[in-house]
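Student: Sequence:
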Amino acid sequence: MNYRPEDRPRLRPIDVFPFEWEGQEVFLLRDPLGYSEGTVLVPRVLGPLLAAMDGEHTLRDLQSLATRLLGRLVMLEEVEGLIKTLDQHYLLEGPRFEELKARVQADFLASPVRPPSHAGKSYPKEPEKLRSFLEEVLAYWPKREAHHPRALIAPHIDLTSGARAFAAAYRGLSWPREARVVILGTGHFLESPFSVLAKDFETPLGRVSCDREWISKLEERAGELAGDVWAHKNEHSIEFQIIFLQHLLGNDFRLVPILVASPQPNQKDLLDTLARAISSLADEKTYFVAGVDFCHLGLRYGDPKPAGEKEKKEALLFDHQLLQHILALDAEKFFQVLSREEEKYKVCGFGPLYLLLRILSGRNLAGKILHQEVVDFGPGSIVSFAAAALYES
Numbered sequence: 001m002n003y004r005p006e007d008r009p010r011l012r013p014i015d016v017f018p019f020e021w022e023g024q025e026v027f028l029l030r031d032p033l034g035y036s037e038g039t040v041l042v043p044r045v046l047g048p049l050l051a052a053m054d055g056e057h058t059l060r061d062l063q064s065l066a067t068r069l070l071g072r073l074v075m076l077e078e079v080e081g082l083i084k085t086l087d088q089h090y091l092l093e094g095p096r097f098e099e100l101k102a103r104v105q106a107d108f109l110a111s112p113v114r115p116p117s118h119a120g121k122s123y124p125k126e127p128e129k130l131r132s133f134l135e136e137v138l139a140y141w142p143k144r145e146a147h148h149p150r151a152l153i154a155p156h157i158d159l160t161s162g163a164r165a166f167a168a169a170y171r172g173l174s175w176p177r178e179a180r181v182v183i184l185g186t187g188h189f190l191e192s193p194f195s196v197l198a199k200d201f202e203t204p205l206g207r208v209s210c211d212r213e214w215i216s217k218l219e220e221r222a223g224e225l226a227g228d229v230w231a232h233k234n235e236h237s238i239e240f241q242i243i244f245l246q247h248l249l250g251n252d253f254r255l256v257p258i259l260v261a262s263p264q265p266n267q268k269d270l271l272d273t274l275a276r277a278i279s280s281l282a283d284e285k286t287y288f289v290a291g292v293d294f295c296h297l298g299l300r301y302g303d304p305k306p307a308g309e310k311e312k313k314e315a316l317l318f319d320h321q322l323l324q325h326i327l328a329l330d331a332e333k334f335f336q337v338l339s340r341e342e343e344k345y346k347v348c349g350f351g352p353l354y355l356l357l358r359i360l361s362g363r364n365l366a367g368k369i370l371h372q373e374v375v376d377f378g379p380g381s382i383v384s385f386a387a388a389a390l391y392e393s
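If you're matching positions, the sequence shown starts at 1 in the working numbering and goes up one per residue.
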């Protein structure tokens, strides 16, 4: 595609990570929704130029800005070259991206199976190597004979960083192989309050069947459930839980995959309605997993200064406060505290955890914090997470 000086390119919502490449400070750009598999590196000094690709500034405007940022005359052809590279990777809004989006979404919606999106990236794609990897992760927690919670809270951070917490949640899990597992995952890019995906999930360990009959009954009681189903395609918060469940339970358990966004005050009633419907259908064979992380602080997450040891301590204290409300099944207090502090702590598990608490409201459950941790996650950035379990008294 040829660009004109008066064109006004608009960057899509994408991931922008600070990165070092061959000794240079750059931004790594990638598509979090998986339309484009490639990445683009842009010198970090050009960050304001990326921000100006907002559909309001012309190529001439961008040329002037790049000249100021680099301290030299930047030719229009150089700006056009960057724009073409971004467009080739489908990172710009426009007809080319819309055509790809329609084609890829149609293929995904037509398939009865959600294929693995992180095999070979976040974990091995070969079955035996994956099983060995999962055993290495589980070995981070002392062996226990039987672990039979009604509900689990596990992280969805990358499997290496979160190994201890994943192990704390899953080692010794002894749910029945025919269990129905409702997995509540964070919808990082979900454009609806929640989305239930009526598809089987496939991983290198095989295929797990979605409980379509149960989902149909749920829809009769709660109304439309699908929402933004496309958000499931590249989301890892559910996929990471499934590989542990497959490894421990086999492939005979039935799956109910639900992504949940951070709730806005005017969406609370929708989640409450969904929770009541799920609770009314949940029998003795129904178990729950919340695939969530907690605080996100520092440069990577939009904070003006790096996060260090002080912020790590604050994050763990705040997480502990939230976990006390979770163990008490106090959904209202949990919602109030997080609504007040969400802008500061950016807890990506807000939605799934609130929904879980509403589902379990009124049950006689005893909770236990299994593990808490905070790790560095990129320059000047930290993420906290935990493992916890709720057992029937």
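Read the hints as simulated data drawn from the structure, not as lab findings.
Careful: at least some of the hints might be erroneous.
[As the list claims (entries may be wrong)] Straight-line alpha carbon distances no greater than 20 Å define the calculated DMTMM-like cross-link-like pairs of lysine to aspartate or glutamate that follow:
| # | residue 1 | residue 2 |
| --- | --- | --- |
| 1 | Lys285 | Glu213 |
| 2 | Lys368 | Asp330 |
| 3 | Lys310 | Glu343 |
[Unchecked claim] Label-pair ranges, simulated between beta-carbon atoms:
| # | residue 1 | residue 2 | range |
| --- | --- | --- | --- |
| 4 | Arg96 | Gly206 | 50 to 60 Å |
| 5 | Pro265 | Ser122 | 31 to 41 Å |
| 6 | Tyr140 | Asp15 | 26 to 36 Å |
| 7 | Pro13 | Asp303 | 13 to 23 Å |
| 8 | Lys217 | Ala366 | 37 to 47 Å |
| 9 | Pro265 | Arg68 | 24 to 34 Å |
| 10 | Gln105 | Thr58 | 29 to 39 Å |
| 11 | Glu191 | Arg44 | 21 to 31 Å |
Because the structure is a prediction, the values reported are computed rather than measured.
Quick reminder that beta carbons are idealized off the backbone N, C-alpha and C, glycines included.
Student: For each hint, tell me whether it holds in the structure or not.
Tutor: Hints and how they fare:
The suggested pairing of lysine 285 with glutamate 213 holds, with an alpha-carbon distance near 15 Å, which does not exceed 20 Å. Restraint check for lysine 368 and aspartate 330: the C-alpha separation of about 15 Å stays at or below 20 Å, so the hint holds. Distance restraint check for lysine 310 and glutamate 343: the Cα-Cα separation of roughly 18 Å lies within the 20 Å cut-off, and the hinted pair is therefore satisfied. Separated by about 37 Å at the C-beta atoms, arginine 96 and glycine 206 break the suggested range of 50 to 60 Å.
Look at proline 265 against serine 122: about 34 Å separates their beta carbons, and that is inside 31 to 41 Å. Checked against the given bound of 26 to 36 Å, the beta carbons of tyrosine 140 and aspartate 15, roughly 28 Å apart, stay inside it. In this structure the hint that proline 13 and aspartate 303 lie 13 to 23 Å apart at CB holds, the actual value being about 19 Å. Taking 37 to 47 Å as the suggested C-beta distance range, the pair lysine 217 and alanine 366 does not conform, at roughly 29 Å.
Evaluation of the 24 to 34 Å hint for proline 265 and arginine 68 yields a failure: the beta carbon distance comes to about 42 Å. Remark: the range hint 29 to 39 Å for glutamine 105 to threonine 58 is upheld by a beta-carbon distance near 31 Å. Between glutamate 191 and arginine 44 the CB atoms are about 29 Å apart, so this pair conforms to the stated range of 21 to 31 Å.
In terms of the numbered hints stated before, the structure departs from hints 4, 8 and 9, listed from lowest to highest.
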